[in-house]
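Asker: In this text, residue positions in the sequence shown follow my numbering: the first is 1, and each later residue adds one.
Everything labelled a hint here was simulated from the structure, so no lab data went into it. There could be a bad hint or two in this list.
Capping the alpha-carbon separation at 20 angstroms, the derived lysine to aspartate or glutamate pairs in DMTMM-like fashion look like this [what the hints assert, rightly or not]:
1) K92 <-> D51
2) K86 <-> E126
3) K202 <-> D125
4) K80 <-> D58
5) K92 <-> D203
6) K80 <-> D51
7) K86 <-> D58
Since the model is a prediction, treat every value here as computed from it, not as a measurement.
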Amino acid sequence: LLRARGCSARRRHAIMSSAECCFGAAFKDFVLVAADKSQIFSIIVQKTDEDKVSVIDDDKLLACVGPTGDRENFTGYVGKNLALYKFRNGMKLSTRAAGNFIRSELATALRKGPYQVNMLLGGCDEGVGPELYWFDYLAAMHKVKYAAHGYAANFCLSLLDKHYREDMSVDEAMDLMDMCFAQIRNRLVVSPPNFLVKIVDKDGCRLLAHRDERTVVH
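The whole structure should be built from the sequences, with the hints applied where relevant.
Answerer: This is how it looks when you write it as structure tokens:
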């Protein structure tokens, strides 16, 4: 159908990538970022153990959904440039500065060869605290308390609107993530089965949980 309507291969892939999802929330002492683990090409699920939440610095997480090539290339590019900046200057970029770098690179690429990626950047800087930034493929950027990408955003955002509190504990925040996973699986026609959650706080970035419903496909 998409081919009949004249959509390019890149555009068709971008539309199918909306079945992927990532979402997150910034709390008083930490940021949680979650994403599905499905790698999709057209109507084919290639694997269900893909990690879409990259650790791009000691205290920064970048969740990215979109075509696999764009996602891998752009997150790798961002991570290597942050490392290069730290090597050259002896200091690392803040979360806000990293967000502005990402937005600038997306805006530059938009007029040349755009990356079909939507992202969430979470970080926890000393003296600033937890921060979460939302980006789309058109280089829009906004600081938010919580956000989501993909078709799953239709369900996750309403749950976050109702249940989010900035003073939640890690266990309470994880329960909120589990509510989002359950709604995605119940209500989304083509729902991803497996998810992961990562956390960033004053102690750095780490994997918090896997939430797998089906056997992992490698």
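Asker: For the pair we were handed, K92 and D51, check the Cα-Cα distance against 20 angstroms.
Answerer: violated (24 angstroms)
Asker: Holds or violated: K86 and D58, Cα atoms, limit 20 angstroms.
Answerer: holds (11 angstroms)
Asker: Would you mind confirming whether the straight-line C-alpha gap from K86 to E126 stays at or under 20 angstroms?
Answerer: With a Cα-Cα distance of about 16 angstroms, the restraint between K86 and E126 holds, given a limit of 20 angstroms.
Asker: Between K92 and D203, does the CA-CA distance stay at or below 20 angstroms?
Answerer: holds (16 angstroms)
Asker: Between the alpha carbons of K202 and D125, is the straight-line distance 20 angstroms or under?
Answerer: holds (7 angstroms)
Asker: Hey, K80 versus D58, does the alpha-carbon distance stay inside 20 angstroms?
Answerer: The hint holds at about 13 angstroms.
Asker: Sort out whether D51 lies within 20 angstroms of K80, counting only the CA atoms.
Answerer: holds (18 angstroms)
Taken one by one, the earlier hints fail for this structure only at number 1.
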